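Quick mapping for you: the protein sequence lines, in order, are chains A and B.
No gaps in the numbering here: position 224 of the first sequence is 213 in the working numbering, and each next residue is one more.
No gaps in the numbering here: position 100 of the second sequence is 89 in the working numbering, and each next residue is one more.
Among the clues, some could well be false.
Copies of the same chain look alike in the list, so a pair counts if it works inside one copy or between any two.
What the hints assert, rightly or not - Here are the simulated DSBU-like cross-link-like pairs (lysine-lysine), alpha carbons at most 30 Å apart as the crow flies:
hint: 1; residue 1: K173; residue 2: K76
hint: 2; residue 1: K360; residue 2: K173
hint: 3; residue 1: K180; residue 2: K49
hint: 4; residue 1: K144; residue 2: K84
hint: 5; residue 1: K105; residue 2: K88
hint: 6; residue 1: K76; residue 2: K145
hint: 7; residue 1: K1; residue 2: K45
hint: 8; residue 1: K105; residue 2: K8
hint: 9; residue 1: K144; residue 2: K45
hint: 10; residue 1: K144; residue 2: K400
hint: 11; residue 1: K105; residue 2: K84
hint: 12; residue 1: K105; residue 2: K92
hint: 13; residue 1: K76; residue 2: K144
hint: 14; residue 1: K105; residue 2: K180
hint: 15; residue 1: K45; residue 2: K84
hint: 16; residue 1: K400; residue 2: K145
hint: 17; residue 1: K180; residue 2: K76
hint: 18; residue 1: K9; residue 2: K(-7)
hint: 19; residue 1: K173; residue 2: K49
hint: 20; residue 1: K84; residue 2: K145
hint: 21; residue 1: K352; residue 2: K173
hint: 22; residue 1: K145; residue 2: K49
hint: 23; residue 1: K49; residue 2: K105
hint: 24; residue 1: K144; residue 2: K49
hint: 25; residue 1: K9; residue 2: K105
Everything labelled a hint here was simulated from the structure, so no lab data went into it.
Note that the structure is a prediction, hence the values are computed from the model and not measured.
2 protein chains.
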Amino acid sequence: MPRKELEELQSKRLRAVVKKVYENNAFYRKKLDDMGLKPGDIKGIEDIRKLPFTEKTDFKDNYPYGLLSVPRNEIVRMHASSGTTGKPTVVFYTKNDIKTWAKMFARCLEMAGVRKDDVFQVTPGYGLFTGGLGFHYGGEELGCMVIPMGPGDTKKQIDMMRDFGTTVLGGTVTYSLRLAEVCKEIGIDPKSLGLRVGIFGAEHWSNGMKDKIEGIFGFEAFDIYGMTEMFGPGIGLDCPRHEGIHIWEDHFIIEILDPKGEPCAEGERGEVVLTTLTKEGIPLLRYKTHDLSRMLGYCSCGRTHRIIDRVSGRTDDMVIVRGVNVFPGQIESVLMKYPQVGPEWYAYAYRNEFGSMDHLQVKVEATGTTKELLQIREPMIKELTSTLMGLKPELVFVPTGTLPRQEKKTKRLIDQRK
Amino acid sequence: MPRKELEELQSKRLRAVVKKVYENNAFYRKKLDDMGLKPGDIKGIEDIRKLPFTEKTDFKDNYPYGLLSVPRNEIVRMHASSGTTGKPTVVFYTKNDIKTWAKMFARCLEMAGVRKDDVFQVTPGYGLFTGGLGFHYGGEELGCMVIPMGPGDTKKQIDMMRDFGTTVLGGTVTYSLRLAEVCKEIGIDPKSLGLRVGIFGAEHWSNGMKDKIEGIFGFEAFDIYGMTEMFGPGIGLDCPRHEGIHIWEDHFIIEILDPKGEPCAEGERGEVVLTTLTKEGIPLLRYKTHDLSRMLGYCSCGRTHRIIDRVSGRTDDMVIVRGVNVFPGQIESVLMKYPQVGPEWYAYAYRNEFGSMDHLQVKVEATGTTKELLQIREPMIKELTSTLMGLKPELVFVPTGTLPRQEKKTKRLIDQRK
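Given the sequences, and given the hints that come with them, work out the whole structure.
Below, the structure is given as structure tokens:
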């Protein structure tokens, strides 16, 4: 779709969504009334900045049904995010929402080269979490064969891959690493599984990590973007050029904003803010995702959906050590350059025993002779220090297999000061 | 649909399915050729007995893709039964199969009085097991709101019920009993949850058990029938008259056969044998389900889909004690008549220490004074003995909460002699 046409479509849909939430949702009506805004004031995407933000806390404050913009009996499904504290973040879908999401996810699969002949093993959890059913409906919509495994039972997963000729693996990077380890335990080369495409989401991972797992499995890895509040996974993916994640701009308006809420220049890192254009159950205006990324403009593939950089962290994942904002993506991008280390690592922010000084310790699994490791040690610390604006971390090499493994999302940056 | 029209539809579909498997499946072509049968020999349902049987072992012998009747790339999903021994029983679905199954399940829900306004909590496991996704797609097809929980985390399930106003519970009887126990632990009356309809499958349960759980929750309970080889759950359900399970005869031809393969008279118990009429991925001719039931003719509701009795056991669930065939359903139907006992019970077949004599011990949870229990003891044993063709079991009352609980299917008849 030519860019001009796409933007006209966005404008048309934005007008409709503003009208819809104003007329059907008390929460948004009040927000707009408080600002003195009428739906007619929004003529198109150029007016997006007039609109109010939506915050994660608005979900909790309006629990359970306060964010609905359709009658409750139009809803056919709910999902919920893990909700580590208090009530989970709950979202609702109409029949059309389910179709829209499935089509959007199928578009991602298509872009990654997945076809009807493929066998797609779905390893994210089914149920309330959006991962499993998101991947599942996307695969069925595309028409490839879905193996609905869900997480865990890794040996059985490998049996299934071999028995049914799995070609596409969907899940988290963390889980692909777990698969690789179990392959090693039972003495098979992950490459022999014949996987062709890996589609990973729900975690922040670097290009170096991508190269590592592509090397382990011999597949092409893609980075899928999404979150519970925006359907779930599938709102964007990198294309085979791997220059950035295409966001499906016919379904969303994307902004990258600085902490003051002002737009970042192209290439400048900020918070991803999304407005839904086609969601019926819970349309959202300018939702502050807490994800950090930057606009990269247009991809050389020629698609008119713009690309953003791989998500480098979350505003709430960041830890501040001696005044420096530290994001997991910054550390990982350095570590993964070195073939001797990874892919498992953790970083710990801690305070010394007198409580007077903060430190950052980076622990990473490494293989190689002592001499080899000594050789890479100083350059690694130097590069980390430079990436972290002068904050010099401690670097600890530990043997492979000694760091904790998780089958779900791994939190790699741990603040031990609280 | 008038009965005559239904049978004409069955005949038309049967001709098509025989032609289809003959032309597209080497396993069936060989079977039919070996019998000297051509598709044209099957004119209608009156010729069903000319067709060969399909056995559970045919799935294992033709693993993985040998029972397919469409090209592999027409398949969009696989499911597998738990497969306690060796390779699991694996089945495959086309896009149309998924639609057919969802519509059939939605028809069950409709018959049970479920409507768009309802909130349907799905507790069977998602993933390879047909339970979760079967219930899930059925609910979405009907248009009620599905809460995709899957099994476990029972306290959270209860929170969800209260927060989102669940009105329909789908799962196993066993799991509903677990829910009731957790309600008791946290001090709430299961009736206060406001559940209106319970839809239970995958286990054999008696009318007495139905009365008990209806009494606990204050809902109306329905018995859903199905199995992995026939899509999954949803191929039949009892209607609000509760006279028997309506089998969807536009999708299946049902036979009840004796151990020699001869048709049983109406009312006579035998093995359920099913022929699929609308399945595309894996159509099956005369599949021997191992489930035991009997034809009950027509229901007073006026539907033309005939009814069968609640499944009383499986040919392979039965244990033979002193020459008597013992099925779980027989024992449960006696036990559940007594308000002092149940719903948890187990029966054990064992051999005495000299190996010369087989015994059946029935353990059931009971509440009441010693006097009360002494009063019901003898009549219960008498009735059990009569039901079991003269086999007199030992009867042991144990305190509530002492028998093992399972969150999945419960096997209540345990043979300890092997």
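Looking at the structure, which of the earlier hints fail to hold? Of the numbered hints, all hold.
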